[in-house]
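Chains as they are written, first to last, in UniProt numbering: chain E, 1 to 415; chain H, 1 to 415.
Don't read these hints as lab results, they were simulated from the structure.
Treat each hint with caution, since some may be false.
Stated by the list, open to error - Beta-carbon label-pair distances, calculated as ranges: (1) LYS415/H / ASP313/E: 20 to 30 Å; (2) GLN25/E / PHE348/H: 49 to 59 Å; (3) GLU62/E / LYS415/H: 48 to 58 Å; (4) THR106/H / PHE270/E: 23 to 33 Å.
Claimed, not checked - A few chain E residues that face chain H, going by a derived Cβ cut-off under 10 Å, partial list only: (5) LYS24; (6) LYS216; (7) LEU301; (8) HIS390.
On a predicted model such as this, the values are computed, not experimentally measured, just so you know.
From the three backbone atoms N, C-alpha and C, an ideal C-beta is built for every residue, glycine too.
2 protein chains.
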Amino acid sequence: MTDLQLIGKQAKEAATQLALLDTKQKNQLLEHMATAVENNTEEILQANQMDLEQADSNGIKEVMKDRLKLTEDRIAAMADGIRHISQLKDPIGTIEHMWKNEDGLTIGQKRVPIGVIGIIYESRPNVTTDAASLCFKSGNTVILRGGKESFYSNQLLVSVLQEALNKNQFSPYAVQFIDDTSYETANEMMELTEYLDVLIPRGGAGLITHVKENAKVPVIETGTGNNHIYIDKDSQLDMATEIIANAKAQRPSVCNACETLLIHKEVAAFFLPAIEEELVELGIELRADEWASEYLPSARLAAEEDWSTEFLDYTLAVKVVDSIDEAIAHINHYNTKHSEAIVTDNYFSSQKFLNEIDAAAVYVNASTRFTDGFVFGFGAEIGISTQKLHARGPMGLEALTSTKYIIYGEGQTRK
Amino acid sequence: MTDLQLIGKQAKEAATQLALLDTKQKNQLLEHMATAVENNTEEILQANQMDLEQADSNGIKEVMKDRLKLTEDRIAAMADGIRHISQLKDPIGTIEHMWKNEDGLTIGQKRVPIGVIGIIYESRPNVTTDAASLCFKSGNTVILRGGKESFYSNQLLVSVLQEALNKNQFSPYAVQFIDDTSYETANEMMELTEYLDVLIPRGGAGLITHVKENAKVPVIETGTGNNHIYIDKDSQLDMATEIIANAKAQRPSVCNACETLLIHKEVAAFFLPAIEEELVELGIELRADEWASEYLPSARLAAEEDWSTEFLDYTLAVKVVDSIDEAIAHINHYNTKHSEAIVTDNYFSSQKFLNEIDAAAVYVNASTRFTDGFVFGFGAEIGISTQKLHARGPMGLEALTSTKYIIYGEGQTRK
């Protein structure tokens, strides 16, 4: 039985210690962690082999096995990832604003760590080192609960990071791993309000919904993206085709891929056959409403649930709309508030779309695939928030911080 | 039976409409609301009379009745409050940052409304107009669920605001009131995830804990303040006495009042008797640990629970500490992360305290009573957040906003 109370208490204590380190000290420890990952390549590969054997005996699909599989190169990339995060600007300690109020108090808003961050994830072992180093750099301790598929890899990676911390006189409890993948333990983690300051689920829609509905700890929702591209009546066929092909097919399994194409009725008859040609060549299967079907011989008829499905696959829903207003209404009704794009030459359409679409990222004449912390220039990301509180969109280091007001007085009292 | 689903749906629809208003339009509607409050003074007083009669028959304390009671002046002040909020700078539409990324995309982070805000409150009727106008100005629609003590006043006030909106061709559902003060309805509100973007409880610790533990909607915790003042060994008696007297006695019933005095052992024997004299004159009852009791003839012995009690009354706990480290450890253990102060002449003590205390506001040589949106210069506040996510400390208009990334492209696709 995993003692989550103990893990939580250790994390909280380590957080107090970690909050006092300066940037140089944190970076040195991250460097030690990166070196430790490299130095333990052999052991990590052995642990990963156990995961792969388990995957075989469970008949896991090849594509999933590839996500799971570590190689020397992939382990080197994990170490590089840690080093990259050590080089990012440390947000902690920044005074965002500082002003003198009417009482003569000097008031500053200072960036501080959140404290203890819980991460429940399903995906690849590199999430372990990425999440651990992002939390560490931003002054937070982390409790990781990974999926059972990569259990042995994750467990070994965390023990390598802990050993590096320990050897360098820092609390190994800054990065902890829950070595129990049962649902009971995950549910218990969601109620660890005494110790966890926030819980970030990373994975599929099912995981995220489950965490959101059951957690008593504050949650930052990430990731699910039922994204749309709307092709306006004033738009260029070439640009529209390139953007929809990129957003759908460049990497269909990710959350910023496009799932539904909306197109204005005035260009549908001319554009859709050309777009279909390109998409079919890329292996995309189309599901169209009745109107769009008239122009799309390869499409099968879309069902109601297709409008709300995040396919994450070579499938695209297509719908013809009467107006930009209908497009916006459709998007705001069905989307998951992730990434939305319009293709248009019209100034007023672009502004209307930017203003009225409710999503973390709204694009004019660009692919939705750009919603990404690296692309935005944050250097790295812990996930993409699709909620409105605290952080929205790609979450870099700053999204892992809070603030406190620091106030310098000279004996002031309130009248 | 109150139909919360319907109220939620109406609020969501009105939010879409409200998000499209410009600042001038919002300000004009706020002005209409203020005028309507003034024009309905007689009706509001009558409704308030029903609350006062109910209070009488329920044997409510005089001090509580005074909080409940409206007068012509107090109603005029409510209208002025609405006008004041209309004059504050509108945060909506501000582009916080805008930059060009490596792909040539111009990325901006734009401030947008959160959407629908729920407020559960126990306090005075003026919270109704304050909360409604703060939410309105920041582009959010609001669902108010007030306490039963001020039910008739709240209900009438909201109907006055709604009539003003309606008369001016705007959806009255921008400000809604739940005319049912049952616990069942409050609990149902806490689970209204489809429509409520955030829930802000305003009231006592019991209410806030209940909401935090039961809500499925994201919550911003506000208000409870078990605050401390630590008198360092290098400090001035006069300043220490003035600050502690102000923080404890100027208005003991508020969340930024001080509840525990910590004092360094080296000055305890000299300072405490003088401080006691001042505090006793102000009617303060002291509860001291054994050590402090030696210097405080009027004090009774503190019990363990006194260290974690928010007295909100003329009561102060007092403890002698060996060092600033002990003071910081005590505070971080018992505080509610609201407001904490040190009185010191020592530079290093001041920096240590500012760095190591975990609270929304940390003061050097000033009273904790300053933690307040008006005092900080925000013009108004919806509450004081004691959590770390989204907003921390006094919450002005900006704390009622979210952001979205807007991205201007020229046909870019991801490589």
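Now for the hints, and whether the structure bears them out:
1. One distance hint, 20 to 30 Å for the beta-carbon pair LYS415/H and ASP313/E, holds here, with the actual separation near 22 Å.
2. Here the CB-CB span from GLN25/E to PHE348/H is close to 19 Å, at odds with the stated 49 to 59 Å.
3. Roughly 26 Å separates the CB atoms of GLU62/E and LYS415/H, a value that falls outside the hinted 48 to 58 Å.
4. One distance hint, 23 to 33 Å for the beta-carbon pair THR106/H and PHE270/E, holds here, with the actual separation near 30 Å.
5. About 16 Å separates the beta-carbon of LYS24/E from the nearest beta-carbon of chain H, more than 10 Å, and the hint is not met.
6. Given hint, LYS216/E at the interface with chain H, holds; its Cβ is 7 Å from that chain's nearest Cβ, closer than 10 Å.
7. At about 29 Å, the closest approach between the beta carbon of LEU301/E and any beta carbon in chain H exceeds 10 Å, and the interface hint on this residue is violated.
8. With a cut of 10 Å, the hint placing HIS390/E at the interface with chain H holds, because the nearest CB-to-CB distance is about 4 Å.
Of the numbered hints given earlier, the model fails hints 2, 3, 5 and 7; all others are met.
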